[in-house]
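Chemist: So the sequences go chain by chain: A and B.
Under our numbering, the first residue of the first sequence is numbered 1, with each subsequent residue one higher.
Under our numbering, the first residue of the second sequence is numbered 1, with each subsequent residue one higher.
The set of hints was computed from the structure by calculation and includes no laboratory data.
Small disclaimer: the values here were computed from a predicted structure and weren't measured.
Heads up, some of the hints might be wrong.
As the list claims (entries may be wrong) - What the simulated footprint calls covered on chain A by chain B, stretch by stretch (three residues with Cβ under 8 Å from a Cβ of chain B suffice, anywhere in the stretch; the number is not a length):
id, stretch
1, 25-37
2, 41-52
3, 57-69
As the list claims (entries may be wrong) - Here are a few chain A residues that sit away from chain B, every Cβ distance over 12 Å (derived from the structure):
id, residue
4, 11
5, 17
6, 21
Every residue, glycine too, gets a C-beta built ideally from N, C-alpha and C.
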Amino acid sequence: MIETTWEPPMHEYGLVQALLERVEREASAHEAAAVHRVIVRIGPLAGVDRELFADAYRMCRPGTRCEDAELLLETEEVDWRCRACNAAIPAGAALVCPTCGWPARLAGGDAIVLERIELEVRPHV
Amino acid sequence: MCDACGCGDTNLVPVEVHARLLERNDEVAAHNREHFRRRDVVAINVMGSPGAGKTALLEATARRLRGSRQLAALAGDLATERDAVRLRTAGIASSAITTGQACHLDAAMVHHALHEQSWPRADYLFIENVGNLVCPAIYDLGQEMNVVALSVTEGEDKPLKYPVMFRHADLVVLTKTDLLAVLDFDSAALADALARVMPRPRLIAVSARTGDGIDAWVAWLEGRRSEPAAVAS
Chain A
1 MIETTWEPPM HEYGLVQALL ERVEREASAH EAAAVHRVIV RIGPLAGVDR ELFADAYRMC
61 RPGTRCEDAE LLLETEEVDW RCRACNAAIP AGAALVCPTC GWPARLAGGD AIVLERIELE
121 VRPHV
Chain B
1 MCDACGCGDT NLVPVEVHAR LLERNDEVAA HNREHFRRRD VVAINVMGSP GAGKTALLEA
61 TARRLRGSRQ LAALAGDLAT ERDAVRLRTA GIASSAITTG QACHLDAAMV HHALHEQSWP
121 RADYLFIENV GNLVCPAIYD LGQEMNVVAL SVTEGEDKPL KYPVMFRHAD LVVLTKTDLL
181 AVLDFDSAAL ADALARVMPR PRLIAVSART GDGIDAWVAW LEGRRSEPAA VAS
């Protein structure tokens, strides 16, 4: 039997931890003085609650390089496409191509991606 | 203020990253997947609501495959090891993963469980995920297949309410069919709901209690292996 360390019972916290760690690595690599802004894209089919994610970010950023960094949450459209002919499947419809009958594939809408960060870097004189 | 010219400005530098936050989880999942492949173990991620009948399904599977396949299981739950104990009693070599508060299993938990003890040879490893229709679906554990257990009492529109879970399902097992006589269950409505969230809808109806449908379920499992066993009838 194994036991894991305690964390609040929402996976948004774990994802925010991953976010803060990645931002920390990037900031160090660029020798940044601070992080100004963090831009994350979360799609509607990501299985992530945007409010909870933002709450978790506010709760977890103190003491990190993102302490004063604004979180900007972007979104994207859910895009189901025919696996064969790439025709768009209308939202809410059966996930089968009306033209050729092939199953749909998800071309977009489940992203949980750190898109970019804005770092404060001291100018070299 | 900098010492040289008295300026106090810092530059704002945008850095493109484009990194998936689940990247680390997926790296560990890939390692787990390779672990299973090398040992010729078919790993099945079994998900579903609390009480959907995941453990009972695995108990019925153990009864059916006794003597022809070796089974192992990881049983994830917030508290207690009761599911792992039930599975062991049914003849499945099982280990519990008690997550405390985490609502899902992730690849690191599975990795730890795989390596913290020596496991007997197994044909199937069932990973019984935490009872939850929201989070478990997004965490790749290294499994070969995702199975979602959905009981006849949960409502035909469940798939529409939890599209993320059902879009990741390779198979939906409709459980507790022995209760159908006392329910107004609309199987056409369920099929319609699944078609809207699952690109390749596949459903097998079972009753762990009576054994109905278990043969079809086992046949599906065996189809996932390259060499099907001679299953005792």
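Chemist: Against the earlier hints, flag every one the structure doesn't satisfy and list their numbers going up.
Modeler: Violated hints: 3, 4, 5 and 6; rest satisfied.
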